[in-house]
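*Asks:* Single-letter residue listing:
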Amino acid sequence: MTRLLVEQKVLNENQRIAAELRERFRQNNVFCLNLVSSPGSGKTSLLERTLAAFPDSTHVAVLTGDIQTENDARRLARFGFPVRQITTGGTCHLDARMVEKHLADWSLADLDMLLIENVGNLVCPSSYDLGEHAKVVLLSVTEGEDKPLKYPSIFVKSELMVLNKLDLLPYVPFSVEQARENARRVHPGIEIIEISCITGEGLDRWLGWLRSNRTRNFAMSSA
Amino acid sequence: MHELSIAAAILDRVAAEAARHAGARFTKVGIRVGELSGVDPEALSFGFEALKTESPWERLALEIEYCCRKQCCRHCQHTFTSSNNYETQCPKCGAGNTILVAGEELDIAFIETEDE
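So the sequences go chain by chain: A and B.
Position one of the first sequence corresponds to residue 1 (the numbering used here), numbered consecutively onward.
Position one of the second sequence corresponds to residue 1001 (the numbering used here), numbered consecutively onward.
A hint or two may mislead.
As the list claims (entries may be wrong) - Now the stretches of chain B that chain A is said to cover, found in silico as 3 or more residues with beta-carbon under 8 Å:
#: 1; region: 1047–1060
#: 2; region: 1109–1115
To be verified - The list that follows gives simulated cross-link-like pairs (lysine-lysine, DSS-like), each with its CA atoms no further than 27 Å apart:
#: 3; chain 1: B; residue 1: K1070; chain 2: A; residue 2: K150
#: 4; chain 1: B; residue 1: K1092; chain 2: A; residue 2: K150
#: 5; chain 1: B; residue 1: K1052; chain 2: A; residue 2: K9
#: 6; chain 1: A; residue 1: K150; chain 2: A; residue 2: K9
#: 7; chain 1: A; residue 1: K9; chain 2: B; residue 2: K1092
#: 8; chain 1: B; residue 1: K1028; chain 2: B; residue 2: K1052
#: 9; chain 1: B; residue 1: K1092; chain 2: B; residue 2: K1070
#: 10; chain 1: A; residue 1: K9; chain 2: B; residue 2: K1028
#: 11; chain 1: A; residue 1: K101; chain 2: A; residue 2: K9
What the hints assert, rightly or not - For the chain B half of the interface with chain A, some residues (derived, Cβ under 10 Å), not all of them:
#: 12; residue: A1015
#: 13; residue: E1017
#: 14; residue: T1027
#: 15; residue: G1030
#: 16; residue: Q1077
#: 17; residue: T1081
#: 18; residue: Y1086
#: 19; residue: V1101
Derived from the structure by calculation, the hints contain no laboratory data.
Where is the CB? At the ideal position from N, CA and C, for every residue including glycine.
Work out the full structure, taking the sequences as your base and the hints as a guide.
*Replies:* Spelled out as structure tokens, the structure:
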């Protein structure tokens, strides 16, 4: 018996494309985020609120992933920014090749920000680098505060946890304090912002996070 | 459930290695799966078994080394396993500022071949 040492990432090909994307984003000063959550936590609602708050002069584009339908792209196109749906046809996550393919004819030089809405799933998207600067995980108060403990991988890999649907707190047994503690237990450095896409509570903090992280990223890439 | 695509990526890699080692008979492929990789070892084995059937790799065995999450303390440099209870606080000095150093693996470590 002979043993050949391979020592490669299983998702080598995805890593390669993600690294190329990251380099293209860096060269063109595009700040890219990968939004991940369970189905129904409010990724699309958060993006609607975000796009609505941006001035028309903002150079932002959105890629939105789902297994089927163009519903999210239709919802998001109303704000006048470029939006493209990635329909995976059964695949439970986005990968770097899908992002590369759907960027297609968009000129990155004309963009400042690319927001990627992943397929609703807390498991598989955590394995795939899309070339983003940061992953953002959404959790909503109807899901239970132990999600970070049950699905630690995505909470470990996300820089920010957005806790959505604060407006429903009076109606559900959910401890915000416990959710925060669980998230910090699996990822001590994770940032946390609490919001409601219905009432608008906390959205200023989210928009502030976007602004400061975009600025920080620009400063780093031009350093 | 994306373990089937992970299994397919492993077999692609095996095929690429086979092309580089013409004539070698592969018997086993060794994978490292981290606790935080988002991949379930059992589902991966199941997907691998399903895909290799009726392929040139029908007799190829899959060996999975499961890698637990490890944290390293930024204060005292102590490295510790934080599996099961998700504890990220340093058990030695009590500092909360610890960083992830293992547990995200999803690697092909080796391929074993049968000697002629």
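*Asks:* Check each numbered hint against the structure and report the violated ones by number, ascending.
*Replies:* The structure conflicts with hints 1, 7, 12, 16, 17, 19, although it agrees with all the remaining ones.
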